[in-house]
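S.K.: The residues making up each chain are set out below.
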Amino acid sequence: MRAWVLGVAAVLLWPGLASAELSWVHGFLQGESAYRLIQPDQCPQTQRSACQDEFVRGGERFQLELTPRGDWWNFMGKAEVIHDAISGSVDVDLREGYLDVRFPALDLRLGRQIITWGIGDLIFITDVFPKDRVAFISGLPIEYMKKGSDAVNATAHWAGSSLQFVFIPHFEADTVPEAGGRLSFNDPMAAIEARRTDEPSPAIENTEAALRIFGNVLGWDLSLSAYRGFFHTPAAEVEPGPQLRFFYPRLSVYGASAQGAALGGVLSLEAGYYDSRQDQSGLNPAIENSSIRLLTGYQREIIPDLTLSGQYYVQVMDDHAEFLRTLGPGMPRRPLARHVLTLRLTQLLLHQTLKLSLFVLGSPNEGDFYVNPEVKYDVTDAVWVALGINLFGGPLATEFGQFEGNSNLYLMARYAF
Amino acid sequence: MKRTIYFTIGLVMIVSSAAIARAQALSGEEIMRRSYLARYYPGEDMSAHVIMRLVSEGGQERVREFIMSRRNLKEGGEQRYFLYFHRPPDVRGTAFLVWAYPRRDDDRWLYVPALNLIRRIAASDKYESFVGSDFTYEDVAGREPEEDTHRVLREEKAGGRDAYILESIPKNPGNSDFSRKLSWIDKTTWLPLKEEYYDRRGDLARVFTADELKEIQGFWTMTKRVMKNAQSGHWTEVIFSEVRYNRKLSPELFSERSLRAPPAEFTK
Chain A
1 MRAWVLGVAA VLLWPGLASA ELSWVHGFLQ GESAYRLIQP DQCPQTQRSA
51 CQDEFVRGGE RFQLELTPRG DWWNFMGKAE VIHDAISGSV DVDLREGYLD
101 VRFPALDLRL GRQIITWGIG DLIFITDVFP KDRVAFISGL PIEYMKKGSD
151 AVNATAHWAG SSLQFVFIPH FEADTVPEAG GRLSFNDPMA AIEARRTDEP
201 SPAIENTEAA LRIFGNVLGW DLSLSAYRGF FHTPAAEVEP GPQLRFFYPR
251 LSVYGASAQG AALGGVLSLE AGYYDSRQDQ SGLNPAIENS SIRLLTGYQR
301 EIIPDLTLSG QYYVQVMDDH AEFLRTLGPG MPRRPLARHV LTLRLTQLLL
351 HQTLKLSLFV LGSPNEGDFY VNPEVKYDVT DAVWVALGIN LFGGPLATEF
401 GQFEGNSNLY LMARYAF
Chain B
1 MKRTIYFTIG LVMIVSSAAI ARAQALSGEE IMRRSYLARY YPGEDMSAHV
51 IMRLVSEGGQ ERVREFIMSR RNLKEGGEQR YFLYFHRPPD VRGTAFLVWA
101 YPRRDDDRWL YVPALNLIRR IAASDKYESF VGSDFTYEDV AGREPEEDTH
151 RVLREEKAGG RDAYILESIP KNPGNSDFSR KLSWIDKTTW LPLKEEYYDR
201 RGDLARVFTA DELKEIQGFW TMTKRVMKNA QSGHWTEVIF SEVRYNRKLS
251 PELFSERSLR APPAEFTK
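Going line by line, the protein sequences match chains A and B.
Mind the numbering: the first sequence is residues 1 to 417 in our numbering, read in order.
Mind the numbering: the second sequence is residues 1 to 268 in our numbering, read in order.
Source of the hints: derived by calculation from the structure; they are not laboratory data.
Treat the hints with care, as some may be off.
[What the hints assert, rightly or not] Mimicking DMTMM-like on lysine to aspartate or glutamate, the simulated pairs with C-alpha atoms at most 20 Å apart in a straight line are: (1) B:K224 x B:E138; (2) B:K268 x A:D100; (3) B:K171 x B:E30; (4) B:K126 x A:D305.
This is chain A alone, in the form it adopts within the complex (with noise of 0.2 Å):
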């Protein structure tokens, strides 16, 4: 209700906002909602909402950006005021604060931010900043499968080369589906209902820290980087009780990633080594294994405002033995490795106002699979609604499998100011 009266606020004072010529004050309101196609068959008790819940989206949301600026610098706040109607429960959310400062050779940036690395469409492996997935799994615009972290960030430029240095105190986890939430997924530890989480405390030894050099050689992008920090996903462990315990594992990721003009279209290629820290020898069975990990995508305009692209990825877990022996009962079963294929089919029509497009995401090997047709119609300028549907599907222990029971319609519009 409250969102309701903020967003309606905004709408009646908008006109004289503009007048004002602010053009440092921006926003949108924006409906969504995402009604849930596929009911699970059986929900644990710690899932149940997601076996009542018909919808896994509803209510509005209202953003309110401010982008002051001078010269040398320029300061970015981005909060949200959340409705959630299915709920009932109204949330703010900052989801961007931060200043930036320009140098002549080195840009900073501090603060609330969102980092984004790689060149994989829905695939990251250099990409180890935080994501939303539940944003992504019930229907929102793809832009809030990203999330801001708290981060001390500095870009030096020199020669055609820049070097980027990324500091996070604080760590931010991505945001997966929980026992307690609306959306179904995979969850062997199901009968334990006592759960903790432990983070990783703000500390000296505990701040995440990144570094990416990279520039343009001869038309390619080229970057090479490396991260120290944990995985953010959570592993699981059963402590005495029984009570579960979640806990995000120390991670380094080393990788490198090439683009560039090739075939007639734009040719991606990037790779990984994700170093398991706190398991190297793949002998405890709750934390991820090490792996090495390698995309290839090509993107081609087949006709004017026709694009068709395409990746192919591959995971192989480090210690695959390890990992079999130790295997608990119940546990999924991880093959050596996992390969995945992907396609997008992207047509603009109507001078572009209007989007049709088609995400096909499957592994090959595990059998589970995404599927995202979308429509998308500029009304106006101001206005755009989006009519689309989330597909998933495969073995319950799989990564897009687990999600079935979440396949849902969704529908969202937006006025932007």
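With chain A's structure known, arrange chain B on it following the hints.
M.R.: Chain B only, in chain A's frame:
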């Protein structure tokens, strides 16, 4: 002495009339080459505030507003463009970088602010609409004169200006979105005053008009231009303001750094 003077005058007259004759006999290729340079390469660099109005036959209007910069690496050769969008609201903050090369596909990058993401874009098709307007990427960045044969049809006045009327035919019909183009090229500024694009069936497809020319820092500039789709009735008007040339724009402006952190003059 007198004879020498007469001789000199005579010589001068012969030489200058030859020069005039040569000017009159400018080939279609030469006229299009001059027009291409006057239209796409004036100054070493340039920046402008651009408003595009996209109007449907029914009168529905959409507006694209951006700040644009261009830098020539070589006249008639490689160029770089940087665009920063202010409108519509949903693309505000989006920045677009193009490295344009003669005789090969451009490199293009798009910055998506909500994801803080730089996306490389496939640039295989030059005939795609630029931001949904009636202009294609090729219209915006230029079609190399060597891709067509050009013939002077006649000379006539257009909008009160003396103009050459050129007919251009693509050398490779597969590498063009028109089968024939007529251009009215101003003899003074070398800018096109009007263009008619004919489709493969020979029907009039699009009509371009330069509705306002201004001399800015010695460079003639189209400050208002319109492209109309003759078949759908949809048209796009482009207005350039705050045009400035030879600003000694830094090469760094046309880099990934600017996509993520554009200089203040773009974002205000």
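S.K.: Could you check the structure against the hints above and give me the numbers of any it violates, in ascending order?
M.R.: none
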